[in-house]
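> So the sequences go chain by chain: A and B.
For the first sequence, the working numbering assigns the number 1 to the initial residue and increments by one for each residue that follows.
For the second sequence, the working numbering assigns the number 284 to the initial residue and increments by one for each residue that follows.
These are computed hints drawn from the structure, not numbers from a lab.
Some hints could be false.
Said to hold, decoys possible - The calculated BS3-like cross-link candidates involving lysine-lysine, where the alpha carbons are at most 27 Å apart (straight line), are:
(1) B:413 x B:399
(2) B:526 x B:399
(3) B:509 x B:310
(4) B:310 x B:486
(5) B:509 x B:486
(6) A:108 x B:303
(7) B:521 x B:586
(8) B:586 x B:610
(9) B:310 x A:188
(10) A:188 x B:399
(11) B:526 x B:509
(12) B:616 x B:521
(13) B:586 x B:526
(14) B:486 x A:169
(15) A:8 x A:169
(16) A:188 x B:413
(17) B:413 x A:270
Unchecked claim - In silico negatives: residues of chain A with every beta carbon more than 12 Å from chain B:
(18) 50
(19) 94
(20) 176
(21) 193
(22) 195
From the three backbone atoms N, C-alpha and C, an ideal C-beta is built for every residue, glycine too.
Residues per chain are reported as follows:
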Amino acid sequence: MFPAPVAKASPGARFAYSALLPLALIVWLLPLIGVAVTSVRPAGDLAAGNYFGIPSGFAGVENYSAVFQNSPIGQYILNSFKVTIPTVIGAVALSCLTGFALAVYRFKLNLTVFFLFVAGNFIPFQILMVPVRDLTLRAGLYDTTLGLVLFHVAFQTGFCTLFMRNFIKALPFALIESARVEGVSEWKIFRHIVLPLMRPAIAALSVLIFTFVWNDYFWATVLVQGSHAMPVTAGLYSLNGQWIAAWHLVSAGSIVAALPPVAMFFLMQKHFIAGLTLGATKG
Amino acid sequence: MAEVNLSGVRKDFGQVSVIKGVDLAVKDGEFCVFVGPSGCGKSTLLRMIAGLEDISAGELRIGGADVTRIGPSDRGVAMVFQSYALYPHMTVRENIGFGLRMTGHPKEDIQRRTAKAASMLQLQPLLDRKPSQLSGGQRQRVAIGRAIVREPEVFLFDEPLSNLDAALRVQMRAEIATLHHDLGATMIYVTHDQVEAMTMADKIVVLNAGKVEQVGSPLELYHRPKNLFVAGFIGSPKMNFLKAVAAPLPEGRIGVHLPGGGTIALDARGARLLQEEPVTLGIRPEHLELGQAGGGQLTGTLKLAEYLGSETMFFLALENGGELAVKADGLAKAAIGSTLCVGVPARACHLFDSEGRTLVNGDLSA
């Protein structure tokens, strides 16, 4: 087995491993710990310059209730859901279809089309900022959740197609052939044989896309201005005062905003890991 | 009526031909077996009949209708796959009824036909299990059940028993043969196992490199192979081949000079030799007579002996470097390294010309 399990290493290495691992973990988690500690810091600490020290008191309740009272964060979270859920449904549904077509049918430009889908992932999305903004503006979708959803669906479908195509390619092809010989139509083969077997892939991809889209900040700021359509990632900015940065409130808001994807992750963890390897190892 | 007719059927992948023009007629209700070495195109040919591979050229008719360009779902055939291809998310009952359900059969009809298929294959206690909870033989039976429930006129089997262990294979072989008898449907069966071919077939098609070498009943192929390939492929252990020289003899006979020096006089049975020519003499291990001077005689050193109980296989190294397999009685014994004398009965000898075509077939009934 590679890498060799730690349990088989020399005692010195084992000791170093058990000492360094928690240390590395803490270093790695420092930013997150920083945000969590800041979110319960009284406002006075920040004014006094106590950014990283022990908080002078526990102000978690005030901070978190302030987040909900002083800003339309409820609206923002709702907007985030309004963007994320349709995107997940749209991208996963589309990629089930494209993945099926690319995995099952032999046609001339199959590989070319597949590479086009994949190639889209290699474009740094910042390049698209100006054209996409112009496009949505002209289409009358600027500053709407629909505009954001459409863009996200278009941009995520490439990766989803790669994932789904490889997953379906790894399914035994004889299942499809067998159904064909039985006289089952192609749509019914997709609906009744392939789709049920794709459940782990669908679960994994949903979590992944949910997290991607929920955490998107860039497009939320580029394509949306008003709070009526602003997702929570961009909306957190409004927690700052006009003149001062209210880091304790922004931190508390960030924690709140991070909860849905974390919850989703833990709920679907099992599917997610199984699905990721299932889709990735073959094809 | 569901006879299957292939005429001039070809399969080309670009420059490479996999099936090089096959003409074949499978009669209604016949059990036809395709055999051949791996890569000979037997599975491809079956998949072409099923509609899973396009036919590059030629014509395929099932039950008189031209189905060359028709998709698999409209050909009215059922196929059993080597990997069983059971739908893993469905129970046995759902697996069997799936095709009917998807093609809009009424519920009672599906239920009745599923029950009938299940009882034919003793699947009733397993109907509510998933494929993952079944053994190999049970999965195979479900796959067959899925085929028979559609009551097709043509069944296609693609090496259905090759994933089973030996004992189960013998049992399933008998079950499929019984099924064929009960249903009376046309069946086309692909295998590389010639025991399956010999025991089940009404008609065997020997394929080699995309071409049909010979079509015939099992015993016809065994006793009267048309060429060296069929002679070597059918029969286990393999037929012995010896390089020899043949010359015409008077009274319609052919003299064959054996490598050991002896000569056998064969009845030419119509074959004509004009001059001396190199030939291959073929004789099956079971027709050689150990320790007896028959029409001719060969001597060799015993290299290996396999005592199978019912019979004993002796493998001899001949003096000129050739090898000879001899099937002897189960009680026969000989020490490794000893010299054995083998009689070659003239009436069991086959003679092939330098291009591998049969000149003379042995005739044991004579």
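> Look at each hint and say if it fits the structure.
Now the hints, each set against the structure:
Only pairs whose Cα atoms come within 27 Å are accepted, and residue 413 of chain B paired with residue 399 of chain B is accepted, the gap being roughly 19 Å. With a C-alpha separation of about 57 Å, the suggested pairing of residue 526 of chain B with residue 399 of chain B is violated against the 27 Å cut-off. Proposed proximity of residue 509 of chain B and residue 310 of chain B is supported: the alpha carbons are some 22 Å apart, at most 27 Å. Of the supplied pair hints, the one linking residue 310 of chain B and residue 486 of chain B holds, its CA atoms being roughly 10 Å apart against a limit of 27 Å.
Restraint check: the Cα-Cα separation between residue 509 of chain B and residue 486 of chain B comes to about 15 Å, which is no more than 27 Å; the hinted pair holds. At roughly 25 Å between alpha-carbon atoms, residue 108 of chain A and residue 303 of chain B fall within 27 Å of each other, so this suggested pair holds. Distance restraint check for residue 521 of chain B and residue 586 of chain B: the Cα-Cα separation of roughly 17 Å lies within the 27 Å cut-off, and the hinted pair is therefore satisfied. A threshold of 27 Å between alpha carbons decides the hint, and for residue 586 of chain B with residue 610 of chain B the separation of about 14 Å falls inside it, so the pair holds.
Restraint check: the Cα-Cα separation between residue 310 of chain B and residue 188 of chain A comes to about 34 Å, which exceeds 27 Å; the hinted pair is violated. At roughly 25 Å between alpha-carbon atoms, residue 188 of chain A and residue 399 of chain B fall within 27 Å of each other, so this suggested pair holds. With a C-alpha separation of about 18 Å, the suggested pair residue 526 of chain B and residue 509 of chain B falls inside the 27 Å cut-off, and the hint holds. The hinted pair formed by residue 616 of chain B and residue 521 of chain B meets the criterion: a straight-line CA distance of about 21 Å does not exceed 27 Å.
For the proposed pair residue 586 of chain B and residue 526 of chain B, the alpha carbon gap of about 20 Å is at most 27 Å, so the pair holds. This hinted pair does not check out: residue 486 of chain B and residue 169 of chain A have alpha carbons roughly 38 Å apart, beyond 27 Å. For the given pair, residue 8 of chain A sits about 38 Å from residue 169 of chain A by alpha-carbon distance, which is inconsistent with the 27 Å threshold. Of the pairs offered as hints, the one joining residue 188 of chain A and residue 413 of chain B holds, with about 21 Å between alpha carbons and a cut-off of 27 Å not exceeded.
With a CA separation close to 22 Å, the supplied pair residue 413 of chain B and residue 270 of chain A stays within the 27 Å bound. No beta-carbon of chain B is positioned within 12 Å of the beta-carbon of residue 50 of chain A; the least distance is around 58 Å. No beta-carbon of chain B is positioned within 12 Å of the beta-carbon of residue 94 of chain A; the least distance is around 23 Å. A cut-off of 12 Å between C-beta atoms contradicts the statement that residue 176 of chain A is not in contact with chain B; the least separation is 9 Å.
Taking the minimum C-beta to C-beta distance to chain B, about 6 Å, the non-interface status of residue 193 of chain A is violated against the 12 Å cut. Not every Cβ of chain B is farther than 12 Å from the Cβ of residue 195 of chain A; the closest lies at roughly 10 Å, contradicting the non-interface assignment.
Violated hints for the displayed structure, listed by number in ascending order: 2, 9, 14, 15, 20, 21, 22.
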